[in-house]
Every structure is written in C-alpha cells, then in structure tokens.
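Participant: Each chain, written out:
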Amino acid sequence: MDKTSLLKIGDVLILSIEGEINDFSVVAMQDMLLREVANTSARGVILNISRLEIVDSYMARVLSDTAKMIRLMGGITILVGINPMIALTMVDMGLDIQEVKTALNLDAALEILRDLILLGPYSEASL
Amino acid sequence: MNKENNLKGTLNDLHEEWLSQMESTIWGHGEIRNIVQVEILGMKMLKAMERDIPAEGLGEELPELIKEIAKAGLQGGLTPRETAMIIFSFRPFLNRLNYKGSAERLNQILDEMGILVLEFFFESSDNIIHTQRQDLLELSTPIIKLWEGILALPLIGTLDSKRTQEVMEKLLNAIVNQGSKVIILDITGVSTVDTLVANYILKTAAAVNLLGAKLIITGISPEIAQTMVHLGVDLGGIVTRAVMADGVELALSLLKMKIINLNKE
Amino acid sequence: MSRVEISSEQDIVLARQVARQAAIGLGFSLVDQTRIITAVSELARNVYTYAARGWMTVQELKKNTGAVGLEFVFEDQGPGIDDLQLALTAGYSSGNGLGLGLSGAKRLMNEFELHSILGQGTVVRVVKWTK
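Residue numbers (the working numbering), protein chains in the order written: chain A, -11 to 115; chain B, 228 to 492; chain C, 126 to 256.
One chain only, chain A, in its complex shape (with noise of 0.2 Å):
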C-alpha cells in the first residue's frame, strides 16, 4: 500500500485497502495515513474496504486503531464497501468495529461527511 493509492477530494482523503494487510504493512499504511492528515488537514478520511476478501478480529481491529488515530489528529473516519457475506460473518461473530462509520457508497460517504464537517465538531453528539 502506497502513497499513490490515496485520493483527495476537498478536504476528505479516500483510501482503497487492498491486498494482505499484516503486522508489516499496517504501520506503513497508518504512517502514510496520518501524514497525509496531517499535511492537508483533512477533516474526514473514506476507507474503502471492497477489495477485502473477509473482515476478521485482527482486521477490525486494524481498522478501529487506524481510526482512533484519525479521530486524534481531528478526522472521521467512514468505511465503504463491506459486503452483505462480510457483514453478516461479522455480525454472527459478533464483531464491532467501534469509533468508524460505515456507509454504503463512496456518495453516502461524502455526504455525511459533509453534514458532520459542516456542522462542526460537536455535531457528532447528535449521531
């Protein structure tokens, strides 16, 4: 996962995940991640999972982290692209990934970001 992965619209970064993610590559792609954040204040960051074949506890967890850390350099996080398999396998496993939103599409993605950057920093209380 490089840096020519990583998109930007406005003042939101979108990064598609694909391939192994693993205890290697994940610190690279968190480094490059917050970097970005931090050179073009971006206030809202789309993860874009489509290309992952499962999501399982490690995954999560990645995900949870990566966004944590966002939410700490001022960003939100939403995710796209989890399929109806992968949903439902995390649902019976009861797997939560905390601190993301999710959203069905890169649209509905943009357009909650939008509400929630617009309304300012503690609009997310209402969420």
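Calculated directly from the structure, the hints in this document are not laboratory data.
Careful, some of the hints might be misleading.
Distance windows between CB atoms, simulated [as the list claims (entries may be wrong)]:
id: 1; chain 1: A; residue 1: Leu(-5); chain 2: B; residue 2: Lys483; range: 24 to 32 Å
id: 2; chain 1: B; residue 1: Arg308; chain 2: C; residue 2: Thr182; range: 41 to 49 Å
id: 3; chain 1: B; residue 1: Ile486; chain 2: C; residue 2: Glu238; range: 53 to 61 Å
Just a sample of chain B residues kept apart from chain A, beta carbon distances all over 10 Å, derived [to be verified]:
id: 4; residue: Leu292
id: 5; residue: Leu345
id: 6; residue: Glu396
id: 7; residue: Ile402
id: 8; residue: Asn436
id: 9; residue: Ala440
Predicted model, so just to flag it, every value in this text is computed and none were measured.
Ideal placement from N, C-alpha and C gives every residue a C-beta, glycine not left out.
Please build the complex by placing chains B and C on the supplied structure of chain A, with the hints as guidance.
Facilitator: Here is chains B and C on its own, set in the frame of chain A:
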C-alpha cells in the same frame, strides 16, 4: 436357445399373473396415474431378480428400479404402505423364478427391497416438502421497495433459525444492490415474539448498521411491548414506531423528504 | 486432506486460500464460505501469534445421512491456554486477547472442540456442515 425362449415365456406369464393380482388389490382402490410405468417396472423387476444378484446387498440395478417404483407410488398418490406392497406383491412368484441362488436369499432380498422402497419414498417426499417450503419462504418474506432508498420488510408468521438466516442474507444483498438507506422492519404479522425473535431483530439491526443503513422497527403492539419488557428484551438504540405509517414518515424525513397534501395549497 | 504449516503471516493467507478452495469445492454458499474463511483466519492467526508455529489440516467429512462437511484442525506446541472459559467468553472490546478469535470462530462453525495443556500445546477442531 430354446431354453431361453422358455425362460422368457415363463417371465411373461409371471408378469401377466402379477399384473392381474395387482389390479385386484392395490389398483382396485386408488387412482394411479402411472399404471403403465409400474407395469413396465414390474417386468424389469422380474428380469432383474432372475439375473445374478450379488451375495450381499442388492447390486446396482435393483435399487434404481426400486427408486423409480417409489417415485411412481408417490406421484400416483399411494401411501407408503401401498408402495411397499407393490414390492411384496412379488413374493408369490419368487419360487417360480429361474434364480440360481437359494429361495431364502431371494426372500431376504425382497424384504430388503421393501424397506428400500420405503426409504426412497420418504426421501422423495422430504424433497417435495423442501421445495414447498422454499416457495412459502419466498411468499412470506417479500422485500418491498417503498421509495428510492427505503425498503420495507414485513415479517409474517413464525421465525426459525434457517428462515432468519435466509431473510437476513436477502435483505443485506438488497440493501447493497439498491443502495437503500432506511429499512423498515414490520413485525405486525409475527405471531410470537420471544427471545429468538428479539435476537433476530438485534442481529439484523447490527448488520444493517454495519452496511451504513438505518433500521426502523414498526408494528410493536401493546401486547408485544408488554411481552418484550417481561422477557427483558432490550432493543437498545433501535428506533421503533407503533405503526408502519409512522415508520414511513420517519424514513422519509431521514432522507430529507416529506409528503405534502397538495389540496391545502 | 491437506496440511498447511503455519509459521509466518504469509501462511495465514495460504491457510485462507486452502480453506476457500475446499469450501468452494464442497459447494458451500457464499456466506458460508465467508464464515469458514474468517474462522480459519482467526484460528490460523492464533497459532501464529501465540505459538509461532503450528499446522492446519483440512479434511472432508461425510455423515451417513449424506451431509458433507469440512473439518479443520489447528495444532501447535505453544504455551497452551490458561483459562479456557475466559478465553472463550472474553469480550471483543477488551483489546487483543484469545477470546476474540476463538469465540468468533466458534460462532461461525457448527462444531468446535478445543484441547489445551499448559506448556505443551493446543488443538482446535472446527467443522462446518453443508445443509
């Protein structure tokens, strides 16, 4: 060559006798649509029993024939007993077959065949029940697109774990395919609300949320409300409304839409 | 029957691929495939994380009713699990811990067996049946 002709002659005679015996017993009673088929199968049975049957088991040919008889019986509306009796109706003819083994073995084989036809009979009826069940499932869990972005799922009847699985899969696929943002789950038609139903609702809500959509539960009657509280069911943060119409109104407002009465303008 | 050695993160990926092929081969539904692969991922990762080295074996099973199933056995000679009850019921929000993987895998599969001896190792056996 002559001997073979004699054998064939004998088999034909046996077959005819068997047929007339059948007519006076089973076929005299019920309507059998597949009479011709059973006739043909009867002849095949006689031939197969005369040939070499393995020392153990029934070989390959006989079970296939028996399966066909079971199907014919099922389709013809015969009871399991009547279908088995078709097999046992061959008993009087056993000792007249040109079979190389012992009479005891032939009788034993007939018994095995009788049991096998029953097993096939039940297996086939299970399949029919399964198909009917699938049809019923389709009918009773429709997913309705109320509006762009709003899906309604009225649950009717009883819920079992197999059905809940299938409905959930169907719902989640529909959400992703249609880009629906609000799902209205109406439980007016659910006969009993117990912990199984409650868990199903919670699970559905979690899955729907995971996809980025919202769930609204409607149709909770006063009785169901009381039952749920007594059971200690906690729907947590799931939004509910008493009737479907209220759920629709809420769904629309979540999508920043509303219904206005043009007459009042 | 296949056997996969798990001693690197790459092996977890391999275990998943093997599981996926086996599941597709037996005609499991898409969602069941996802469940199987996810459970295998959890258990393989446990082996790698806590024992550093272990094995996964896959086998097809058959019941006399005709139902077929997939059996996965994960073995390692790692430290073993101290409190089994705790490991199986640990909440997901409690950070990293054995509970996450094990109870999740248990819920995704039809059968789940675990044997562990402190200081000697662990064996986890899971089975998923086709309907």
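Participant: Would you assess whether B:Leu292, listed as outside the interface, keeps its beta-carbon beyond 10 Å of every beta-carbon in chain A?
Facilitator: About 44 Å separates B:Leu292 from the closest Cβ of chain A, which puts it past 10 Å; holds.
Participant: Measuring from beta carbon to beta carbon, are B:Arg308 and C:Thr182 in 41 to 49 Å?
Facilitator: For B:Arg308 and C:Thr182 the Cβ distance comes to about 48 Å; the hint holds.
Participant: Please check whether the beta-carbon of B:Leu345 is more than 10 Å away from every beta-carbon in chain A.
Facilitator: holds, 39 Å
Participant: Would you check whether the claim that B:Glu396 is not at the interface survives, using Cβ distances to chain A and the 10 Å cut-off?
Facilitator: violated, 6 Å
Participant: Just tell me: holds or violated, for the beta carbon distance of B:Ile486 and C:Glu238 against 53 to 61 Å?
Facilitator: Holds - the Cβ-Cβ distance for B:Ile486 and C:Glu238, about 57 Å, lies within 53 to 61 Å.
Participant: Given the range 24 to 32 Å, decide if the beta-carbon distance of A:Leu(-5) to B:Lys483 lies inside it.
Facilitator: holds, 27 Å
Participant: Over 10 Å from every CB of chain A: does B:Ile402 meet that, or does the non-interface label fail?
Facilitator: violated, 7 Å
Participant: Would you assess whether B:Ala440, listed as outside the interface, keeps its beta-carbon beyond 10 Å of every beta-carbon in chain A?
Facilitator: B:Ala440 is in fact no farther than 10 Å from some Cβ atom of chain A, at 6 Å.
Participant: Using Cβ atoms and 10 Å as the threshold, tell me whether B:Asn436 really stays out of contact range of chain A.
Facilitator: Non-interface label on B:Asn436 violated, nearest chain A Cβ at 7 Å vs cutoff 10 Å.
In the structure shown, a violation is registered for the earlier hints numbered 6, 7, 8 and 9, in ascending order.
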